[in-house]
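If you're matching them up, the sequences are chains A and B in order.
To convert a position in the first sequence, counted from 1, into the numbering used here, add 12.
To convert a position in the second sequence, counted from 1, into the numbering used here, add 7.
Rather than coming from a laboratory, the hints here were simulated on the basis of the structure.
Hints are supplied without guarantee of correctness; some may be wrong.
To be verified - Not everything, but these chain A residues come out facing chain B in the computed CB check (under 7 Å):
id : residue
1  : 566
2  : 569
3  : 570
4  : 608
5  : 610
Stated by the list, open to error - Which residues of chain B face chain A? A few of them, derived with a C-beta cut under 8 Å, are:
id : residue
6  : 19
7  : 22
8  : 84
9  : 94
10 : 95
11 : 99
12 : 112
13 : 113
14 : 118
The model shown is predicted, which means the values in this text are computed figures rather than measured ones.
Note that CB positions come from ideal geometry on N, CA and C, so glycine has one too.
As a plain string of letters, each chain reads:
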Amino acid sequence: MTAGSTGRSGATQRFDLLVASIKDYAIFLLDTSGRVATWNDGARLMKGYAPEEIVGKHLSIFYTPEDAASGRPQALLDAARKTGCVEEEGWRVRKDGTRFWADVVMTAIVVDGDLRGFIKVTRDLTARRQADEKLRQSEESLAATLYSIGDGVLAVDERARITRINPVAEQLTGWTEREAIGRPLEDVFRIINEDTRERAPNPIARVLAEGVVVGLANHTTLISRDGTERPIADSGAPIRTSDGGTSGAVVVFRDVSKERHAEEQLRQTQDAVRLSEESLRATLYSIGDGVLATDERARVTRLNPVAERLTGWTEGEAVGRPVGEVFRIVNELTRAEAANPVLRVLAEGVVIGLANHTALIARDGVERPIADSGAPIFDLAGKPRGAVLVFRDVTTERAAEEAVRQSEQKLRLMIASVRDYALYMLDPSGRVISWNPGAEQIKGYREDEILGQSFSRFFTPEDVARNKPQRELEIATREGRFEEEGWRVRKDGSRFWANVIITPIRDGSDGLAGFVKITRDLTEKRKADEERLRLAQAREAVRLRDEFLSIASHELRTPLTALLLLLRNIRGQTPPLDTRLAKNVDRAQGISARLGQLVDALLDVSRIATGELKLNIEAFDLSEGAREVVERMRESAAAAKCELSLAAPVPVEGRWDRLRIEQVLTNLISNSIKYAAGHPVRVSVSRDGASAVLQVRDHGPGIPEADLPRIFQRFERAASARHYGGMGLGLYVASQIAQAHGGTIVATNPDGGGACLTVTLPLDPPIGQSS
Amino acid sequence: MSPRSVLIVDDDVDIREILADTLTETGFEVTTACNGLEALTAVRSMKVRPAVILLDLMMPVMDGYGFLEQRISDPSLASIPIAIVTAGHGIDRERIADDLPIIRKPFNVSELLGVLDALSAGGTSPG
Chain A
13 MTAGSTGRSG ATQRFDLLVA SIKDYAIFLL DTSGRVATWN DGARLMKGYA PEEIVGKHLS
73 IFYTPEDAAS GRPQALLDAA RKTGCVEEEG WRVRKDGTRF WADVVMTAIV VDGDLRGFIK
133 VTRDLTARRQ ADEKLRQSEE SLAATLYSIG DGVLAVDERA RITRINPVAE QLTGWTEREA
193 IGRPLEDVFR IINEDTRERA PNPIARVLAE GVVVGLANHT TLISRDGTER PIADSGAPIR
253 TSDGGTSGAV VVFRDVSKER HAEEQLRQTQ DAVRLSEESL RATLYSIGDG VLATDERARV
313 TRLNPVAERL TGWTEGEAVG RPVGEVFRIV NELTRAEAAN PVLRVLAEGV VIGLANHTAL
373 IARDGVERPI ADSGAPIFDL AGKPRGAVLV FRDVTTERAA EEAVRQSEQK LRLMIASVRD
433 YALYMLDPSG RVISWNPGAE QIKGYREDEI LGQSFSRFFT PEDVARNKPQ RELEIATREG
493 RFEEEGWRVR KDGSRFWANV IITPIRDGSD GLAGFVKITR DLTEKRKADE ERLRLAQARE
553 AVRLRDEFLS IASHELRTPL TALLLLLRNI RGQTPPLDTR LAKNVDRAQG ISARLGQLVD
613 ALLDVSRIAT GELKLNIEAF DLSEGAREVV ERMRESAAAA KCELSLAAPV PVEGRWDRLR
673 IEQVLTNLIS NSIKYAAGHP VRVSVSRDGA SAVLQVRDHG PGIPEADLPR IFQRFERAAS
733 ARHYGGMGLG LYVASQIAQA HGGTIVATNP DGGGACLTVT LPLDPPIGQS S
Chain B
8 MSPRSVLIVD DDVDIREILA DTLTETGFEV TTACNGLEAL TAVRSMKVRP AVILLDLMMP
68 VMDGYGFLEQ RISDPSLASI PIAIVTAGHG IDRERIADDL PIIRKPFNVS ELLGVLDALS
128 AGGTSPG
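Required output: the full structure, derived from the provided sequences and hints.
Here is the structure:
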């Protein structure tokens, strides 16, 4: 500030404005006598006076009474007047009486050689002064600390020469501070590697070179001036200058020989703890159940992966939270919030067993039935330190249990409803311990009268005498199963044929728990089996008989042939037979011929019975066939005094086995001649649509009504055997032949008396056979 | 008229003898054999082969089927006409050539003679 600048009012105004806005400096004008002429905002803030109360006052008001009394204000003014500008630091007093350390610059305002006044600029240096004071005190305290602490402390300058060494360091190194100062660090602080015995790198070299804090080196041994070795722990740190440079370093070290032993023990303990901790962790984190641990305030400390999955919380999220927040459980049945087992464990210090019907509600709301247990965690002193909760999702188990339960129920229901089988259990000695309705039904005992009784009472006395019941149990026990069919005895003493299965029941430890016995009454089945056997035997007998019939009838033909030839030769011999002998030979020939016919019928029957009736289908005129048969039968009819007539006015062409159809007609006519001897027999052939109708009508006694349905059955005859000869085969064979052609044969007793046998044959039978 | 020769092959002695008598009376020269093997031996030993063979089917040692098989492989036998005479039990048509007439027991003499006439005339049975 120069006097020249005040001459221009614009500049003065700008200056005033600037000064007014400065807050960190008190800037004001004094008149020549040292009275305040102006006052800025910084002055107001620093000294506490408003402008109206300070302007006009002498500057001595800012001085301490001592300074004011000693004339320091006037001395300052005089110095300023003399030199133009003075600066000093000193205590000043605020309006409220408090003091502050001020830096004061006073400049004299001289215009044209005349003193006009002074500008005073004051800065509050209290904060700086306090910091300086602190530093000083700190340095003192640091030194005190340095010299009183239990560790050895060495300080070096930037060239690693000792500048300080505390008493502990003196004792450990064997050097006094006085001797040590100025010496290279290596002389005083000689360290080697405990294991290699080689000189250890001095930490200070690195501290000085890199300006970093160097941590404790392990296994370092300090060799003192007298050669004593001591294991030490040390560290080095740089001493920084205010500009960030390094002005030296400090080494702190201590004798660790004593603590080394303790440390070793600690380390071993820690290792053991760490190992057990690791193994615990591994166990904890790999087990299949959820594990949740809490501290003594029920806050989660651990959560294994399964627990994470079940609760929906990660361990990281869950740790520190109240257990109730992470492990939310409700009673499945009542839906009420369930008491958290951790709280009970912590409150009572007891192990809590499985809770039933507990559901865990996961963070996402998914609900799972769980089984859980809780246990307190004690420290070595036996104090509870928390709780551990082990729980698992029992959804699957529950489903399996439910399935087992349902299956058991079904089984029970089934056993109870089984009536065809006796299903019951025996204890290992063979006493009945359960009974079902089937057992009651088969054996006749009610449950209340048989429970506790030996199962030997179901056996026959003979079997009991032979110790069979016991042997059955032995076999079942030895071989895992016993089965047989045999006689058993009901309560009423009756016997039944039983199928029995005995299976041993093993208990969990593979001991014998008893037997399951299944008994089935096979009496009916046995009867049925026997019946089936008899039927099969009967069928076999019939088959054998039919076969015999077939063979026998064929065998009969050969001697019959010989007989017929012989009779023919006798009849035709020369000289001719006399009349009476000739007549008898004729009769013998007739009998032989009839024998031949019977043999043929037998053969037909055996063919039908054995399914060997084969048709040789050919086209022919049924009227023509009938005419030939009637001609052949005319002689027999005449012998029975039957007038045989034929009505076949038109040809009836069809496809049939000609010989078989002629056999049918022959049999029917023979039948009529036999049963209606002496009465006319009329044969007719006609066509009815797609069928041919062949009818033989007689005027004999007719067929008894009761016999009509069975006249065509095998070996049936309508007439009594005493009246008529023959075997009744003709009509049966005729009906079988008609059926083989897809036709029918019906017997009726028409109005006007006699019997009428009607054969209906399809013109083109539904069979593919042809000759 | 020179006598026609016939070989009767049948295991039933009554048939053999009575049929032999019958045919002899009718003018045949008759030889008999009681089974197929004997028939083969007989035919092969004859200076003059029979004009016709009447062959039963069911016989011990060698049955009629066996004889028919031998006949197929022996051209001298194959030229002799044969009629099957059978009681009809167990006829296996597969093993009997279609052109062989079958006479079922019991037969009447006129039926038999008709077949024999047809065969010795060089034709086949009218059926």
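How the hints compare with the structure:
{"no.": "1", "hint": "566", "in the structure": "holds (3 Å)"}
{"no.": "2", "hint": "569", "in the structure": "holds (4 Å)"}
{"no.": "3", "hint": "570", "in the structure": "holds (5 Å)"}
{"no.": "4", "hint": "608", "in the structure": "holds (5 Å)"}
{"no.": "5", "hint": "610", "in the structure": "violated (12 Å)"}
{"no.": "6", "hint": "19", "in the structure": "holds (5 Å)"}
{"no.": "7", "hint": "22", "in the structure": "holds (5 Å)"}
{"no.": "8", "hint": "84", "in the structure": "violated (25 Å)"}
{"no.": "9", "hint": "94", "in the structure": "holds (4 Å)"}
{"no.": "10", "hint": "95", "in the structure": "holds (6 Å)"}
{"no.": "11", "hint": "99", "in the structure": "violated (13 Å)"}
{"no.": "12", "hint": "112", "in the structure": "holds (4 Å)"}
{"no.": "13", "hint": "113", "in the structure": "holds (4 Å)"}
{"no.": "14", "hint": "118", "in the structure": "violated (11 Å)"}
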